[in-house]
Amino acid sequence: MKKIKLLLIAIIFPAMLFSQGGVEIVPFAGYMFGGSVNYYEGKLKIDNGVNYGVSVLVPVHQLLDIEINYTRMDSKASFSKYAGYPLLENKETTMATNYIQIGGISKFYSQNTKVTPFGSLSIGATWFSPTDGSFQDVWRFSAALGLGVKIMFSDRIGIMLRGRLLMPMYFGGVGVYAGTGGSGVSVNSVVAPLQGDFNGGLIIKIGGN
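Those letters in the sequence shown? Residues 1 to 209, per my numbering, in order.
Rather than coming from a laboratory, the hints here were simulated on the basis of the structure.
C-beta atoms are modelled at their ideal positions from N, C-alpha and C, and glycine is treated no differently.
You can take every hint at face value.
With a Cα cut of at most 20 angstroms, we get these calculated DMTMM-like pairs of lysine to aspartate or glutamate:
| hint | residue 1 | residue 2 |
| --- | --- | --- |
| 1 | K45 | D137 |
| 2 | K76 | D132 |
| 3 | K43 | E92 |
| 4 | K76 | E89 |
Label-pair restraints from in silico Cβ distances:
| hint | residue 1 | residue 2 | range |
| --- | --- | --- | --- |
| 5 | S110 | Y85 | 53 to 59 angstroms |
| 6 | Y85 | W139 | 23 to 29 angstroms |
| 7 | I25 | P117 | 16 to 22 angstroms |
| 8 | G200 | Y85 | 39 to 45 angstroms |
| 9 | W139 | P27 | 20 to 26 angstroms |
| 10 | N38 | N112 | 46 to 52 angstroms |
Sequences are here, hints too, so could you generate the full structure?
Structure follows, in structure tokens:
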């Protein structure tokens with residue numbers, strides 16, 4: 001978590017210094033759908049839960065903002081084995097799902113209105129971090145697609161509402177370990193868990209005119 005904070009600070013501060021049109025900081029919270037992964041040996045399910053994070057929006061064109069986004073969900077993950085795998089056992093752990101993304105927000109029209117619908121596309125990394133040592137941390141390349149709306153109450157304060165499809169590109173090597181004799185069996189899959197979320201955040205504009 002400390003490394004993620006330092007990375008975000010290293011990215012955000014230069015963006016704020018060099019942006020001529022001001023920067024929008026958007027802390028947000030919402031609800032994420034965890035998804036599941038089917039393996040030959042069993043099924044890993046990530047529970048749904050509350051997520052939270054922050055977006056930094058840097059305008060680069062009348063219709064386009066660059067977005068830097070961090071999203072986190074803390075929930076449970078459970079592995080249920082299929083019959084025929086005696087070395088494995090059913091496991092449950094708490095897991096943090098972290099998305100670190102950079103991309104763009106494209107506004108649907110250029111009129112200076114208080115209500116602005118938009119689409120978003122971003123790429124980056126997803127970090128699945130379980131607390132149980134029987135599960136390994138997993139980093140994966142990921143992408144996100146979104147639709148939303150920005151509603152401004154003044155020149156500097158507003159809200160942003162959005163729904164996103166979150167797509168880790170590959171998920172494997174979970175490393176679920178059997179409890180007998182300390183032996184370990186790694187399970188793998190080329191199918192990623194399809195995730196998504198709905199969230200709302202407070203827009204705070206800093207700098208610019």
